[in-house]
Amino acid sequence: MTIAEIHACDDWLSCKLDTLDKVHAATADLQKQEIWQEVVAGLDSVAVQFDPAHLMPDEAKDLFQTQLNSLTTHLMTKAETVTIPLCYEAQFAPDINWVAEKMDLSVEAFIALHSSAQFSVTMLGFMPGFAYLQCLEKIPAIGRLSKPRQKVAVGSVGLIGEQSCIYSFNSPGGWPIIGRTPIKLFDPDRTRPALLTASQRIVFEPISSAEFNALLNETLP
Amino acid sequence: MTLMVVKPGLQTTLQGLPFSGYRHLGMPAAGAADCLSLALANRLVSNIPTAIALEITLDDAKFKVEHACTIALTGAASFIHLNGEEKSLHSSIPTKAGDEIHVGAAHRGCRSYLTLAGDIDAQSILDGQSTYLGAALGGFRGRALAPGDIVKLTPTASKRETYLQTPDNLRPVIADRYLIRVTAGPEFSALSADQRQLFFEGKHEVGQRSNRMGLNLSGIKLAPQNSTQMQSAPVFPGTIQCPPDGESFLLGPDGQTTGGYPRIAQVIRADRHLIGQLRPHAKIQFAKVTNQKATEIYRQKLSLLTPWLGTVSLW
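Chains A and B are the protein sequences, given in the same order.
For the first sequence, the numbering used here assigns the number 1 to the initial residue and increments by one for each residue that follows.
For the second sequence, the numbering used here assigns the number 1001 to the initial residue and increments by one for each residue that follows.
Some hints could be false.
[As the list claims (entries may be wrong)] Calculated lysine-lysine pairs in the DSSO-like style (CA-CA distance at most 27 Å, straight line):
{"id": "1", "chain 1": "A", "residue 1": "K61", "chain 2": "B", "residue 2": "K1301"}
{"id": "2", "chain 1": "A", "residue 1": "K147", "chain 2": "B", "residue 2": "K1283"}
{"id": "3", "chain 1": "B", "residue 1": "K1152", "chain 2": "B", "residue 2": "K1203"}
{"id": "4", "chain 1": "B", "residue 1": "K1221", "chain 2": "B", "residue 2": "K1203"}
{"id": "5", "chain 1": "B", "residue 1": "K1152", "chain 2": "B", "residue 2": "K1007"}
{"id": "6", "chain 1": "A", "residue 1": "K102", "chain 2": "A", "residue 2": "K61"}
{"id": "7", "chain 1": "B", "residue 1": "K1152", "chain 2": "B", "residue 2": "K1221"}
{"id": "8", "chain 1": "B", "residue 1": "K1064", "chain 2": "B", "residue 2": "K1087"}
{"id": "9", "chain 1": "B", "residue 1": "K1007", "chain 2": "B", "residue 2": "K1087"}
{"id": "10", "chain 1": "A", "residue 1": "K61", "chain 2": "B", "residue 2": "K1288"}
{"id": "11", "chain 1": "A", "residue 1": "K16", "chain 2": "B", "residue 2": "K1288"}
{"id": "12", "chain 1": "A", "residue 1": "K61", "chain 2": "B", "residue 2": "K1293"}
{"id": "13", "chain 1": "B", "residue 1": "K1293", "chain 2": "A", "residue 2": "K16"}
{"id": "14", "chain 1": "B", "residue 1": "K1096", "chain 2": "B", "residue 2": "K1062"}
{"id": "15", "chain 1": "B", "residue 1": "K1221", "chain 2": "B", "residue 2": "K1283"}
{"id": "16", "chain 1": "A", "residue 1": "K151", "chain 2": "A", "residue 2": "K102"}
{"id": "17", "chain 1": "B", "residue 1": "K1096", "chain 2": "B", "residue 2": "K1152"}
It should be emphasised that the hints constitute simulated quantities derived from the structure, not laboratory data.
Bound-form chain A, shown alone (with noise of 0.2 Å):
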């Protein structure tokens, strides 16, 4: 693929990229280059780090800049789409009702909607396995919370229009809640342990209170 510039620091090295299926297929081939000690992908760039004891920045510019090249546009096609169970009761949804007033829907009918749209994978960052998405369909404006939550609890799902993430620890947060999954998003003791990767695609399927308590005791291979 045609790459724009590469900027250099002394131990990584990071490009920029148009789209985001060019960050998530340069990423995903990267991975598989043992050189590279961290490939990094942002939302329009991806970054490599380097050893700077056996490798010269120069030499490593080289090398990135030749892999990017050769990359062509083998972009990845099929996405894999992962179902996440969400429960949007009141208990573990508290700013839906406000959201839904937004975007001038009951409750059921946000529900309904939230529950059919697809949603995108975009990257993974802030904390291990915390994922931010992106709706494939329109959804207007919401905006974050004017006050931000001193905890918001594992699983929560934020929505602030197009983008919505889902937090992989209990932590502060800004993102207006609208659901709650039992599935663990990160747990380093699994094969893999970041539940999601950028560019997979997800949908959720509505939950009830009773099925959240069941699934919160399995556990993932």
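Assemble the complex: chain A is given as a structure, and chain B must be docked to it using the hints.
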């Protein structure tokens, strides 16, 4: 073999090697904030340079050794006392069961490393054992040590006790002002020529909101251009970002993996261990070097350390 925490001070965590290869999942590096002091302290007890140690922050701290063991302390502490008797930093200290260790508060610098001969028991996750407080992972149950906690240790198998001291020329200077070398970050151009001059000629001061995640730099207010148009992008320990309010911040070992503010500069690998010694009100001046120069400095530093520490890496 065990060590009891009597007074952990402001924040004492188990830290060693950072996590590597998991940033794409949002997992920060963690690990010792001052990796050089960690390696030096491990050398004095004949551990590998990256073995898990107790990272002690600012305050004084007290521990009780429950079995005989060789210990060592490096870093910012003003003293180390064993049963009230003054011992030296940067030297092996033999201890016996019941001995009380008192680590003096730091008057300059920020962090000290207490090592014990052997393998400290720490939670293993993602090929590492350091503590990442943000998600309560690794180390001692993912948290800072509290009074009464018992740190367990598998002692080094029957090694003859040797008394060691860090060679004078390798003892890091713990200061309250530092010159830190950086290379240009990807959004260095967000700073105009005047702003760049201000960034490099001015004295930055470490702010109060500073911890293992990052340090806010007060004293100099910058005016970045187009800073609100940026998309979230990868960042690393040592990245200096500048939000629209102009108060830049420097990411520490626990810093997030991506950030949405212009990455104006990057502390070079060779100087990143200094971040661990920056305390609130410390003064910093930044000097710009080329990548080529930064790599030369890094390799020189490693070759200076190798005769004493063996093959070592800094982060």
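Hint by hint, here is what the structure shows:
1. For the suggested pair A/K61 and B/K1301, the alpha carbons sit about 23 Å apart, so the restraint of at most 27 Å is met.
2. Of the supplied pair hints, the one linking A/K147 and B/K1283 is violated, its CA atoms being roughly 33 Å apart against a limit of 27 Å.
3. For the hint pairing B/K1152 with B/K1203, the CA-to-CA distance comes to about 44 Å; that exceeds 27 Å, so the pair is violated.
4. A C-alpha spacing of about 11 Å is found between B/K1221 and B/K1203, which places the hinted pair at or below 27 Å, so the restraint holds.
5. Among the hinted pairs, B/K1152 with B/K1007 is consistent with the structure: their alpha-carbon atoms are about 17 Å apart, no more than 27 Å.
6. For the suggested pair A/K102 and A/K61, the alpha carbons sit about 48 Å apart, so the restraint of at most 27 Å is broken.
7. Proposed proximity of B/K1152 and B/K1221 is contradicted: the alpha carbons are some 47 Å apart, above 27 Å.
8. Straight-line distance between C-alpha atoms of B/K1064 and B/K1087 comes to about 15 Å, which keeps the hinted pair within the 27 Å bound.
9. For a cut-off of 27 Å, the pair hint linking B/K1007 to B/K1087 stands: about 19 Å separates their Cα positions.
10. With a C-alpha separation of about 20 Å, the suggested pairing of A/K61 with B/K1288 holds against the 27 Å cut-off.
11. A distance of roughly 23 Å separates the Cα atoms of A/K16 and B/K1288; the hinted pair therefore holds under the 27 Å criterion.
12. Between the alpha carbons of A/K61 and B/K1293 the distance comes to roughly 16 Å, so the proposed pair stays at or under 27 Å and holds.
13. For a cut-off of 27 Å, the pair hint linking B/K1293 to A/K16 stands: about 25 Å separates their Cα positions.
14. A threshold of 27 Å between alpha carbons decides the hint, and for B/K1096 with B/K1062 the separation of about 16 Å falls inside it, so the pair holds.
15. Pair hint B/K1221 plus B/K1283 holds up; C-alpha atoms about 15 Å apart against a cutoff of 27 Å.
16. Proximity of A/K151 to A/K102 is assessed by CA-CA distance (about 23 Å); at most 27 Å being required, the pair is judged to hold.
17. Taking the CA atoms of B/K1096 and B/K1152, the gap is about 16 Å. The hint holds against a cut of 27 Å.
In the structure shown, a violation is registered for the earlier hints numbered 2, 3, 6 and 7, in ascending order.
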